[in-house]
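Asker: Put chains A, E and F with the ligands on the given structure of chain P with help from the hints.
Read off the chains here:
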Amino acid sequence: MTEGLADTLRWQCLEKMLLIRRFEETVVKLAGDGHFRGHYHLYIGQEGTGVPAITALAAKDHLATTHRNHGHILARGADPGAGLAEILGRATGLNGGRGGTIHLCEPTLGFLSTSGVVGGCISLAVGGGYACAQRRDGSVTMALFGDGALEEGVSFEALNIASLWHLPVIFLCENNSAGAMGMAKGGYPTLVHASTDLLLIPKSLGISSVRVDGVDVAAVHAAATQAIARCRSGQGPVFIEAMTPRWAGSNPLWPELATGITDLRMATGESGTDGPHKQWYENFDPVLRLARELAKGGAESVRRISALDEAARKRIADAADFALASPLPAPETALNHVFAQETPA
Amino acid sequence: MTEGLADTLRWQCLEKMLLIRRFEETVVKLAGDGHFRGHYHLYIGQEGTGVPAITALAAKDHLATTHRNHGHILARGADPGAGLAEILGRATGLNGGRGGTIHLCEPTLGFLSTSGVVGGCISLAVGGGYACAQRRDGSVTMALFGDGALEEGVSFEALNIASLWHLPVIFLCENNSAGAMGMAKGGYPTLVHASTDLLLIPKSLGISSVRVDGVDVAAVHAAATQAIARCRSGQGPVFIEAMTPRWAGSNPLWPELATGITDLRMATGESGTDGPHKQWYENFDPVLRLARELAKGGAESVRRISALDEAARKRIADAADFALASPLPAPETALNHVFAQETPA
Amino acid sequence: MSETRQSYAAALVDALHDGLRTDPRVSIIGGYVLGLGPQRTLTDRLKQDFPDRVFDPPTSEAGNAAVGVGAAMAGMRPFVDLGTGSFSYLAWSQITNEAAVAHYMTNGRLSAPVTFHLLHGVRGGGAAQHSQSPHAMLWNAPGLEIAAPSTAADVYGLIRTALASPNPTLVVSHAKLLGIETAVPERKSPIPFGRADIKRRGRDATVVATSLMVHYCLAAAEALSKEGIEVEVVDPRTLVPLDEKTILDSVSRTGRLVVVDECPLRGGIASEIAATVAERGFRYLKAPIVRVTRPDVPVPYSLPLENFITPDPEKIAAAVRCVLTAT
Amino acid sequence: MSETRQSYAAALVDALHDGLRTDPRVSIIGGYVLGLGPQRTLTDRLKQDFPDRVFDPPTSEAGNAAVGVGAAMAGMRPFVDLGTGSFSYLAWSQITNEAAVAHYMTNGRLSAPVTFHLLHGVRGGGAAQHSQSPHAMLWNAPGLEIAAPSTAADVYGLIRTALASPNPTLVVSHAKLLGIETAVPERKSPIPFGRADIKRRGRDATVVATSLMVHYCLAAAEALSKEGIEVEVVDPRTLVPLDEKTILDSVSRTGRLVVVDECPLRGGIASEIAATVAERGFRYLKAPIVRVTRPDVPVPYSLPLENFITPDPEKIAAAVRCVLTAT
Ligand SMILES: Cc1ncc(C[n+]2csc(CCOP(=O)(O)OP(=O)(O)O)c2C)c(N)n1
Ligand SMILES: Cc1ncc(C[n+]2csc(CCOP(=O)(O)OP(=O)(O)O)c2C)c(N)n1
Ligand SMILES: [Mg+2]
Ligand SMILES: [Mg+2]
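Sequence lines, in order, name chains P, A, E and F. Numbering of the first sequence is given in the numbering used here, commencing with residue 1 and proceeding in unit increments. Numbering of the second sequence is given in the numbering used here, commencing with residue 1001 and proceeding in unit increments. Numbering of the third sequence is given in the numbering used here, commencing with residue 2001 and proceeding in unit increments. Numbering of the fourth sequence is given in the numbering used here, commencing with residue 3001 and proceeding in unit increments.
To be clear, the hints were calculated from the coordinates, so they are not data collected in a lab. Glycine included, each C-beta is placed from N, C-alpha and C at the ideal position. Mixed in with the good hints, there may be bad ones.
[Said to hold, decoys possible] These stretches of chain A come out as covered by chain F in the derived footprint (C-beta under 8 Å, 3 or more residues):
| no. | stretch |
| --- | --- |
| 1 | 1035 to 1046 |
| 2 | 1111 to 1122 |
| 3 | 1151 to 1158 |
| 4 | 1310 to 1319 |
| 5 | 1322 to 1336 |
In isolation and in its complexed conformation, chain P is listed as follows (with noise of 0.2 Å):
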């Protein structure tokens, strides 16, 4: 993992999935308190794919994201605070509390509207790459969605026309079914698919597709800027599919801290990993693998995590005060914004 990744590349990254991962525990925290309503996406255990492939991507692109957008919509940069807001349906939000957890967005951060309708993003995200290619300035757009959009036509058809349009769109699916319960057991949909290789799927349409450990923060970098670039070069779509093993919170039905607040001495070794979730712990935690590999560096790196860490809980208590101190929109502007009152350009 080490190769390839330069060290303030891993540092950076760090720093996002911490700051995603604490930012999820408050998101649980401010359900269980009652805070918000609605079900609710996280992603904890996916850091490891949305972090370093965003961080691959220029500022000019645009991305488009999914109900399970916490982590992409951070790990871009966009204000936690914010974000916390947004999913209290806060003024203060992300969308001004009209979006809520599944349509978090930052459009100066370029990404198109955050649709919850699964299909959704990858066929808008085909819109953004035409908008790329229309203006001729090396421009892409990521779409970061689920496998479970291989479900729906709509994917087919953006993939195709993506493919057959050359259109610069890196297809990043989050294949998070493995260790999933599903539908069929009783837990939350995940994928009904025939196909055992979904990327038979782009590659039927002529599109260069690879498969990365979506945990290995350095092969989905690697894998992410391969792609862009041949994007950018005007060689068309990448399909790009990163395994995320399921974390257990994620089912049942309502997120839960199934496997605790994630305390980052296990990383450093200062803590054991035992119990029924050894395994994820030590390697399917994105966070407290890549916490782990740079701990190697020894004592001063151990204070570095340390560091990080706290600065991003800090960032996420201060979020969260912000969030719950901020006011609820009033009443009669819901009726605000329905239409755009720009005079046209």
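Answerer: Positioned in the frame of chain P, the structure of chains A, E and F with the ligands alone reads:
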């Protein structure tokens, strides 16, 4: 070609193919004479696929077809008089004048409603297969659709479902794009697909898939027979891509008899095949090809071919007379049949 | 006679169970008919008792709907659950342009007796994409029967009728209805389509509503009653067929009409009922018809915003007071 | 001043050409904007002059629409042609649940200025699946602007405005309008949304219609004029936004309203306009509102059946006579 297909079957196929050919030629004439409105699609050039495939089915089986349905309906045994009457919008038509050319349907022969929506046929057919599977009577459903259907996402979804649930569906794709002008060149819309091998699509979903020469009656019959047997035994769906070179008359917008009224003497050697359509007459016209082969049987066979053709012409002439003499539906009956009135069983 | 009460969700599952039990042609395509909420385990006994006839399909609404439609054409009676209401948009062609037209297009020679079901409405935090009510739109698709039950007895009876109907049928359940308990008869039974139910009698004004809005109207009526205003609450129960007669009869007695619906205003259910009465009951009207609906805005996530745009008993009561003073 | 006349189809192409010429963000996704009829070659000059900005997409309506919506979110102004009206059903989620809600759902921070276009209506032999008018349904999807032009000048002006609008917009063209020639000004220009056009002045009754039906209403008005009946024909031109004021003003003068539309009755355009007037113009009404629409049946193929169910000048004239005698 001779091998594999019993003699009686080949004669039976020729008889149906001739009936279809004479039917379609008559449709062009009726359109030219202003007897009906709206655009229409002919089966000329694809008789070598639909006839043997449908002949391989049993009475209990279901079928679904598309805008290009005339040949399928006739191959299954629908009354050509009621077929032409429908195209002319007459009360005696297969659909009582409510459907027209794009929706010819004969439910008593096992057809599901004929959808003119691209992708409609293939997905409804999976429902047919679902019904067959639920009934556990060994019946199967055959979908006959164009290559363009694979541009629609619902087709992909339907293939996935059929594969997941091992449904007894034969997906018979009639790929007539070879030789078609295509939208880009101002012709009728045709395949706009990034895939250079359409079979990769069903294969990506684990569906057993095979390509056949759609002009080769024996090859199609063999593939269909094998697929049907596989379906009946519960092994799940089969996808067959039949390559049927596009008939010149189906371009441009409205069909025209570009290759003339089919002259069977071209098959028996009594007439030459020179001119701009030589290739067509000698290699791609499935009716001429089968007739030519059967004609090898000698003078008796040649006589039998002309007799069959005379019978087909007579049947179609009678059918046209019937259709033209049939009344238009009474205007106020337009309000009938919005809802079925039967008491629930 | 001791009154039994049952939740909407439990009655819905009873209807499916009885449907599966009494008709071998019935099957269910859809793994979460009751959504992901607390009632969802109620459907477990369907899978247990009919393991070969209850299917968890992929997230392929168009494909799933098409399978239901095609199976219905081939003689089956599938119940296709489309999930959250707006997911039906992905199956729009299958519902409106395949199922609804097949019988007509074949001159009555073939039918497509599929039942579609979905969870509609402003559910609380569902935001724009998960709070929709597609049945107003579908009322403009001839050939489809549409039921919008409001109580346990009604959802049981209307689903049984839907499963037995020779036509394609849509049954919509408001997400907020699932947990609501109402009285049910000892033996629940099918309810014929096209028969409105007067959920409350009153002389002063007619209020027409379906689905969850019936409950809000009854609450408003209760409050108004304390002011001496007696409202008649008419629940058409099915939009297709529509029991125009019961609505017009009521308006002929009260002379005033409020129509309540959670769909957006333009092209909504309230508009259709208002137009029907403006055309066929004009002479009965003593005041303008008033529509109480969601304004034409997408549904926002945050509670105060959501509440602001959603019809509720207060807004309904205010509208009734308004039609009583206006002339 | 010499009057110029132009076909609807030619004016539509002019609007696209001018849109492409004046705004580099505009592009066209759709190979047969004018269908397959005789006018289709008029679009050739779009491809010739803007070869990199006119795309023949696959038969993937949902995908094509999504590409337009996504591109619009990323700053472009795509014009997505969906073909025959009912094919929009395959893109329903993209139109109603992506494009229409994006601006609202992002608190106004993002917009999706895509223009959708389709050919709607009873076209002559199109049968059930190729004769639909989806815009009545789409009127129930807040966030979408909807234009239904009736003349060459209007389609030019409204398409220019649609392309320049910061919002997602649907422009519907009736298949039978394409060849109809009407007067156009020497310099055609954008027409603001939300301004109805009184296509004929009259004192006796108001007739409201859009798209092809405007021409039928004008023909009916011509015939009625010979009987001494003067009908006012109001063409709202856009449903969203709707110019309620012009409609209500007209009804305030005439006291009688006929609403004409080719969509099926229930949940149709005529119903919405009737309901609006029943609510906001009740005091002006001297007679019941009458709706002239397609009855709630799928469209049949055969000409006498098709004619029977389609509004035409005779049916419109009869409805006007009816509102003039009724009280
Ligand atoms: C069109 C549509 N159908 C169904 C749903 C309900 N739904 C929400 S999340 C989800 C599972 C999606 O799986 P996947 O895309 O793999 O994402 P994951 O949650 O596993 O990250 C489903 C079916 C939806 N949101 N949209
Ligand atoms: C959903 C939909 N989109 C577009 C059309 C218009 N259309 C009619 S036939 C056709 C081409 C279909 O090609 P294919 O399926 O290969 O059939 P073929 O005509 O070649 O036999 C198209 C695009 C349609 N009928 N339905
Ligand atoms: Mg997943
Ligand atoms: Mg084809």
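Asker: Each hint: holds or not?
Answerer: Verification of the hints:
no.: 1; hint: 1035 to 1046; result: holds (count 4)
no.: 2; hint: 1111 to 1122; result: holds (count 5)
no.: 3; hint: 1151 to 1158; result: holds (count 4)
no.: 4; hint: 1310 to 1319; result: violated (count 0)
no.: 5; hint: 1322 to 1336; result: holds (count 8)
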